[in-house]
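Chains as they are written, first to last, in the numbering used here: chain D, 1 to 405; chain E, 1001 to 1118.
These aren't lab readings, by the way, just hints derived from the structure by calculation.
Heads up, a few of these hints could be off.
Derived pair list, reagent style EDC-like, types lysine to aspartate or glutamate, alpha-carbon separation capped at 20 Å [what the hints assert, rightly or not]: (1) K152(D) to E1039(E); (2) K1040(E) to E170(D); (3) K152(D) to E1092(E); (4) K1098(E) to E1039(E); (5) K1098(E) to E170(D); (6) K1098(E) to E164(D).
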Amino acid sequence: MSLAREIADARPRVISALAVQLRDFDLVEDAFADAAEKLIEGGDVPDRLTSWLFVVAKRKALDAMRGRAAQDRALQKSAPVEEMADILTLPEPIADERLRLIFICCHPAIALEARTALALKVICGLPVGVIARLFVTSEATMYQRITRAKAKVRDAGIAFELPERKAWGERLEAVLLTLELAYTAAYQDAAGELDPELSGEVARLAAMVAELLPEEPEALGLAALVWLARSREAARVDADGAMVPLSQQDVCKWDFAAIEQARLWLEGAAKFGASGPYQVMAAIQLTHARRAYDGKTDWGAVLALYDVLMGMRPAPMVGLNRAVALEKVEGAKAGLEALDAIEGSRIRSSRPYRVARAQMYSGLGQWDAARCELEQALDQDVPRAERLFLKRKLKELRQNHRPTS
Amino acid sequence: MQYMLLINEDESIYEGDDGAKLMEETLAGHMALAQAWAEKGVAFSGERLKPGSTATTIKWNAGSHTLHDGPFAETHEELGGFYIIDVPSLDEALEWAKQIPVPGKGAVEVRPIWPMEG
């Protein structure tokens, strides 16, 4: 593993631990960058890299704070750092610094659209560009949002202690969104720019939230969703590194312990009789998982669940997945019509939309149109595994159905 | 850290038939809050303001000014009073701010105070 990779892996843990002590995300991120630079310049790699980075970054942060305090005498009134460190020794209701910090970033005094972004940046270590893509916004806008949120945390004196348990509920929506998006980013990380352990880490945190808040059905739903996605990680890429679509995956490679755990969570959630998007999304994935037991996929059930999800989260991407399910139930013509009904230029020019159209055209025997959609999809920035898969499809189309013109 | 709690409320609610009674209840709420702060050892100060109709506003624009009869913001909710409290975090300031009685429509804005030099 390269040194840069090791530093990137250590980052979230070190940043979390320092932020709890020093309460200033900018200061802590700068100090970490200084420590990392020193490590790279120094050449010698310490045995315990994470601890080394923590100690050096903390010293740098304290130096920076003292420098600032000398300029700004008012800061001398704030609590000495030694006292803050004592906070760490108190027994914590959430025994995980990263998860605590996510709950703290999801403070209701921070603008709703910035809470999750802040957590993804500082705690999960996602680059701003990746976060901007997840929120379908520009990098500049996202950068500004995160900067403003950090300033609010520092200047408004937001507490770094967890609130009482009864107040966790108002933070839960943003916490769950953070975990969902972090998992999505890890799953789509074909470029390998993120921490390779991120998806496992998110799965662990999602399970932890489900255990902490077993009376919150959506927390159980999210944990089930993440674990179902994770249950297929060994099956989603073939020996050549090409993507294997869900319907063609070898079910023997699925992780059945993870599927069973997800099923238990969903069962627990159902007892509350309060459905929500995460539960429905997990139910869709569980329906797909049933192929391992039933030998086939109940597309009617999948479609019905997408109809419910559309009522809760009427996003273009949900509409697209619903259209794909509709094709399996009513045929390619109905699927294509459903795709045509989706509005929005961003989704209509997106890769998943073009791939879905290619699928529908193939179903209708319109090979030229199918080929054209695939070619346009491949013109875009496609993750490697999916690129290999799409190229293979395109090759088959070209060989089996020569162009008519 | 010091926080200012700015109480904006609909003054007209105290003008109706129940107005006097409502005002009495609101004042009692403020008294209770002051007592709670005293008991918990929270340093605080605060004032109640006369109605917005008594306000005079100096409006500035690029170096010149005009006088305006009435409050700065043309809204139904007027600044009716404020507190300054000294608590460790925004979270605690918010917990206290939620206990300020606002019987009708209104808003309580919580702002950290810029620390004085020296």
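Right, here's what the structure says about each hint:
1. Only pairs whose Cα atoms come within 20 Å are accepted, and K152(D) paired with E1039(E) is rejected, the gap being roughly 30 Å.
2. Under the criterion of a C-alpha separation no larger than 20 Å, the hint pairing K1040(E) with E170(D) is inconsistent with the structure, at around 27 Å.
3. Distance restraint check for K152(D) and E1092(E): the Cα-Cα separation of roughly 16 Å lies within the 20 Å cut-off, and the hinted pair is therefore satisfied.
4. Among the hinted pairs, K1098(E) with E1039(E) is consistent with the structure: their alpha-carbon atoms are about 18 Å apart, no more than 20 Å.
5. Taking the CA atoms of K1098(E) and E170(D), the gap is about 15 Å. The hint holds against a cut of 20 Å.
6. With a C-alpha separation of about 16 Å, the suggested pair K1098(E) and E164(D) falls inside the 20 Å cut-off, and the hint holds.
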